[in-house]
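Chemist: Chain residues, written in single-letter form:
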Amino acid sequence: MNAPLPTLLDIPDFCLVVLIGATGAGKSSFASRWFKPTEVISSDYCRGLVCDDESDQSASADAFALVAAIAEKRLKNRRLTVIDATNVRAADRKSWVELARRWHALPVAIVVDPGLDVCIQRNKARPDRDFGPGVPQRMIQEIHRGLRGLANEGFRQIWKLSSVQTIEAAAVERRPMWTDKRDDTGPFDVIGDVHGCLDELRLLVAALGYVVEGEGDAVAVSAPHGRKLVFVGDLVDRGPDVPGVLRIAMAAQEAGVAYVVQGNHDRKLSRWLEGRKVTVGHGLQESIDQLAQEQAEFRERAKTFLADLRSHYWLDGGKLAVAHAGLKEEMIGRGSPAVREFALFGETTGETDEFGLPVRLDWAANFRGSSAVVYGHTPTPDAEWVNNTICVDTGCVFGGKLTALQWPERELVEVPAARIYCEPARPLAPTPETRALQAEADRLLDHADVSGRRWIDTTLLRRIPIAEENAAAALEAMSRFALAPQWLVYLPPTMSPVETSARDGFLERPEEAFAFFRERGQREVVLEEKHMGSRAVVALCRDADVARRRFGVLSGESGQIWTRSGRAFFADGAECEALLARLRAACDSARLWETLATDWLLFDAEIMPWSAKASALIEQQYAPVAAASSIGLALAHAAAARAAARGVPVEALRDRLAIRAEKAARYGEAWKPYVWPVRSLDDLRVAPFHLLASEGATHFDKDHLWHMSIAETLAATGAQNVTTTRWRRLALDDTAACEEATRWWEELTEAGGEGMVVKPQDFIARGAKGLIQPALKVRGPEYLRIIYGPEYDLPEHLARLRQRGLGAKRTNALREFALGHEALTRFTAGAPLRKTHECVFAILALESEPIDPRL
Amino acid sequence: MYLSIVTTHSPATDLGFLLMKHPDRAHDVELSFGRGTVFFPQAEAGRCEAALILDLDPVALVRGRGGAEGVADQYVNDRPYAASSFLSVALNKAFRTAMTGVSRERPELAATAIPLEIVVAPLPAPRGGDLLERLFAPLGWTVEARRIEGADGPSRYVELRLAGTLRLADALGHLYVLIPVMDADKHYWVGDDEVEKLVAKGGAWLAAHPERETIARRFLKNRRSLARAALARLAPEAESEDGPEDERAPPREEALEAPLRLHDRRLDAVVGLLKEAGARSVADLGCGEGRLLQRLVKERGFERVIGLDASIRALERARERLKRDRAGVPSMERLSLLHGALTYRDARWADVDAVALVEVIEHLDADRLPTLVEIVFAAARPKTVIVTTPNAEYNALFDSLPAGAFRHPDHRFEWSRAQFHDWARAIAEGHGYSVAFSGIGEEHPDLGPVTQVAVFSR
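Line by line, the protein sequences give chains A and B.
For what it's worth, this note's numbering labels the leading residue of the first sequence as 1, then goes sequentially.
For what it's worth, this note's numbering labels the leading residue of the second sequence as 856, then goes sequentially.
Don't take each hint at face value.
As the list claims (entries may be wrong) - As a list, the in silico EDC-like pairs of lysine to aspartate or glutamate whose alpha-carbon atoms are at most 20 Å apart:
no. : chain 1 : residue 1 : chain 2 : residue 2
1   : A       : Lys672    : B       : Glu1004
2   : A       : Lys663    : B       : Asp1007
3   : A       : Lys663    : B       : Asp910
4   : A       : Lys672    : B       : Asp1007
5   : A       : Lys663    : B       : Asp912
6   : A       : Lys613    : B       : Asp1265
Claimed, not checked - What follows is a list of derived Cβ distance ranges for each label pair:
no. : chain 1 : residue 1 : chain 2 : residue 2 : range
7   : B       : Gly984    : A       : Ala829    : 52 to 62 Å
8   : B       : His1299   : A       : Pro850    : 49 to 59 Å
9   : A       : Asp572    : B       : Thr1069   : 36 to 46 Å
10  : B       : Ala915    : A       : Arg591    : 31 to 41 Å
11  : A       : Ile764    : B       : Thr1069   : 39 to 49 Å
12  : B       : Pro1009   : A       : Ala638    : 46 to 56 Å
13  : B       : Gly983    : A       : Asp504    : 40 to 50 Å
14  : B       : Glu999    : A       : Glu619    : 20 to 30 Å
Source of the hints: derived by calculation from the structure; they are not laboratory data.
Every residue, glycine too, gets a C-beta built ideally from N, C-alpha and C.
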């Protein structure tokens, strides 16, 4: 007897393999030969897991529940999975097919059938299988009865291995699914619904740099710089030249420079070409008529082409998916009737609207996938990103335009329709503008997206953990006191103080800041005067329309100003608008809108005086300390003086009380420079020091010289309220310059200034050990008196205050910096609100950590 | 802080014997939180004065006793300077024997009432009111309190001068108990055994004191749960909302509405409406301390009751309240308390039959209100939604409420009936609900009810 030809089992690399075979058939050894141990879920093994006995049939129900649970998780994670059980009856297999469908995995059946004798023999050899020959015999009969029905049961591939030799000789080979073109990194040009608009298609591909040569069946397409076209489907129907469009698409696909997914119109035409009964409507007649003019041979080619189109493509390392009507996250790169159905028609409620068109469920509004989905099917006036999805059907055939999305550039190239080829059932004109589609989709944030223990992935620091209790504290603060999340796209990070100084009478000195950055490889730092006011983030739009469009706020505000904890800086909205108007005027004069090509700006600033926001704090906390300390110490000093005068040995006590009383008096003076009455807006001073972001860009990539120059430009306009920040550069290897800078700090602080902030010249600075503190504050001794109390600089107190730990503060400073950067990176890239919000929420959560607030 | 005790009982220098301190020496008192010194500025037969001075360690203070509790106030504060519980502790340490009324050298004098003058400064005392008088006068003291001036006007402290003829031990006992009573701030050293201490030092005079309840309450107040420490760092006002009661006006809304027993009536009415609607599952959004939940779990008809609030503190209290009630209510498993906010869509309650928003919407900023509407009426779409809110028109009838002011400091708005009806009708129209309006509480012929109600159904 000749050896049988080896069978090649050619299966998709993602599928659910159901092994079918009697006990002793050799399923497990077959599986172990061709699949990884983690891919194979054996019912025997699970039986063992739940009751320590692999042959205890009474545990079968639990064991199979476990098999199903594991299989479910694997399929959810898009992992090939093998069910190793006898699966002899159709009823046994039904649940596996259903499971495969649920996760859009191809169900594959492999029948392992070496014959009854072999099974009986193998069972005899195994001590735990003490049943007679009747058991395998009944199983094999059952399997044979079911063989013909496997396809009807839903298995998309059925492999039968009917002898010991075939089983031994069989080989399993996995291939990517047809839709899986992740290896192809493009770049791509994704083209919306063409519907026979040949002229516009030719103009569009020409604009994209493709060359279309030749006429008729000799047409050929060549692509620029390795680019590829991707058609979202609906090439046919309604329009003037369906065959011409098909020729270009076919030629491009044959030349290997195009992918084409199937649209619902393409499918219907394909079914008509196959001679199936279809209702002719929605422009199909145009295709039929135009194809009637063509040679039979072309019709044949078109038939094959249309019938073989894929439901969708998964491209560029998984970053891009293209489907006609869109695709849910859990369907991308998978295959099932449901996937094809969704890709062709989208998701509808089953109802129709006033124009007789199906009411669509807004899958895009709920989309959360990491792959961008580009689709067509529903004509919209403009292509607009929503949750990383974009519809590029801009209704060319209805007189709109033909749109291409360039990937990965994410740029749109459009060609207007020469005319209306077909009257749309629903008017294509945009509804009066409210806000961006993304803002509409972002109306609601989800509790589950902010609560509990969470991790946020950031580009600067990778994964940042947020503790559950901190998230809970942030939830209350955010929902009760903070501004609407649409405004709150950023919160400033906390800033660490410099290493503690050992110098007599000082807690903080500039020398340690210089050393810190010098040791971390920084050559140049920027020193900025630290204003003593209240931190404010200013979102400034050119007008309320911009605010609505860019931030999605419907309140009519033209900007907002908020505090470190996300609260409105001004209780009175009119006051906020008035200040914004003045800042806007400054930006007008400085021509910032034009320079940065933007209509909104986000500033990091300090607003003075401190007392404007902190008057309650001064009244409730600082002033009482001043009053209590000065009177108490004065009385005590007087009493001690009297006692000393009559000879009681309390001179030391008396003298110490005199020193303490003097410090108490200084305390009462310490905040005077930061307090002035605010009778009107004119009394407020705004010192912007970072221009954080504007349209399409964060400005973390600019160094502080740039940020300071922006601030100076604004102040130079002479605008009311805008004040400058004194600053200077410092080369850290220049000893004399460092000394001079120290003197500068001493002068600032002796004149009542809070101190200074030392920053690496680059906004984002990295050293050998990664991200470096973006700034350190060096506060003056009198300012620190407010923070640490009247007598903090008594030597015995200072000695202990020096034992402050900066580690937690620095960790938070870096994490909050990374989160703020991440929030703005996401915001400027047009990410969904929840993606920005989770970063801002996390900053607030980190701020609830118990860290010494004096740092 | 500074305390002095003067007597003119002749020979006045016997004060040294009573206090067991030699008038010509300085006496150090070691304390866990700093150091005290007792010395005599004057020691003559006609007049003798003892002073107790405290040098508290401000650094050790903010480090906290045992850590966590101190953290929220780890900042500069008046503790090292103001007369407070620290002074009481020092008093007890410095004059322990004298406080018991025992004197080895002058036992008879210790048992005798002698003329005394006492100065305590700076002592926290609320501006206005006569608390000092009420506390000390019944004990036989003549009370003089001089307000201490701060840089910007009167401070929160007084220099207290007491004069009277009393036993020294009694005088010290009064100071020991009443100084912390005056102090509105938190007493971090207050431990679990403080009740006993209070009774022990107070003895007979406390039991007979007309203000004994105020004294006990204030002496023991202000112990906070650690769970709220994190919030306190973010939202100090959330903390102060349930802070010391007697330093501020009682919550305005409750005080205004108290005579009407309005809140109880409001809740009973809401329960009635929910029953009428045939709801089997109810979410009380903004449940606060759970007073509506308390009623709902008692009704068998409600199979699932959910309370949601943004305030961790309120939920803690709700949990306590409902636990107290557990006896006789077997089906607590029907109830769940959720921490969540009305500005986030939340699958945990989205499937209920009915939603109650009782005195909640007015706590949301106007620009967040559409979000709440969207979450309730567009996303969750329960069959019934009950909304109650103050009727701003009725406010005119509250004598103590200034015109234009709100009933509660956290209210972001209060609506007239027309404003509320417009808002509710627009929601009903936009989301396919019908709406009916009613009122709760006394109804004024022109100004309408105290509370207005909208019942939405679909």
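Chemist: Hint by hint, say whether it matches the structure.
Modeler: Going through the hints against the structure:
1. Restraint check: the Cα-Cα separation between Lys672/A and Glu1004/B comes to about 17 Å, which is no more than 20 Å; the hinted pair holds.
2. Proximity of Lys663/A to Asp1007/B is assessed by CA-CA distance (about 19 Å); at most 20 Å being required, the pair is judged to hold.
3. The straight-line distance between the Cα atoms of Lys663/A and Asp910/B is roughly 14 Å, inside the 20 Å bound, and the hint therefore holds.
4. This hinted pair checks out: Lys672/A and Asp1007/B have alpha carbons roughly 12 Å apart, not beyond 20 Å.
5. A distance of roughly 15 Å separates the Cα atoms of Lys663/A and Asp912/B; the hinted pair therefore holds under the 20 Å criterion.
6. A distance of roughly 18 Å separates the Cα atoms of Lys613/A and Asp1265/B; the hinted pair therefore holds under the 20 Å criterion.
7. In this structure the hint that Gly984/B and Ala829/A lie 52 to 62 Å apart at CB holds, the actual value being about 59 Å.
8. With their beta carbons about 50 Å apart, His1299/B and Pro850/A fall inside the hinted range of 49 to 59 Å.
9. The given range of 36 to 46 Å is respected by Asp572/A and Thr1069/B, whose C-beta atoms sit roughly 39 Å from each other.
10. Take Ala915/B and Arg591/A: their Cβ atoms lie about 57 Å apart, and the range 31 to 41 Å is violated.
11. The given range of 39 to 49 Å is broken by Ile764/A and Thr1069/B, whose C-beta atoms sit roughly 59 Å from each other.
12. A beta carbon spacing of about 22 Å between Pro1009/B and Ala638/A contradicts the range 46 to 56 Å that was offered as a hint.
13. For Gly983/B and Asp504/A, the hinted distance range of 40 to 50 Å is satisfied, since their beta carbons lie about 47 Å from each other.
14. Distance hint check: the CB atoms of Glu999/B and Glu619/A are about 26 Å apart, consistent with the given range 20 to 30 Å.
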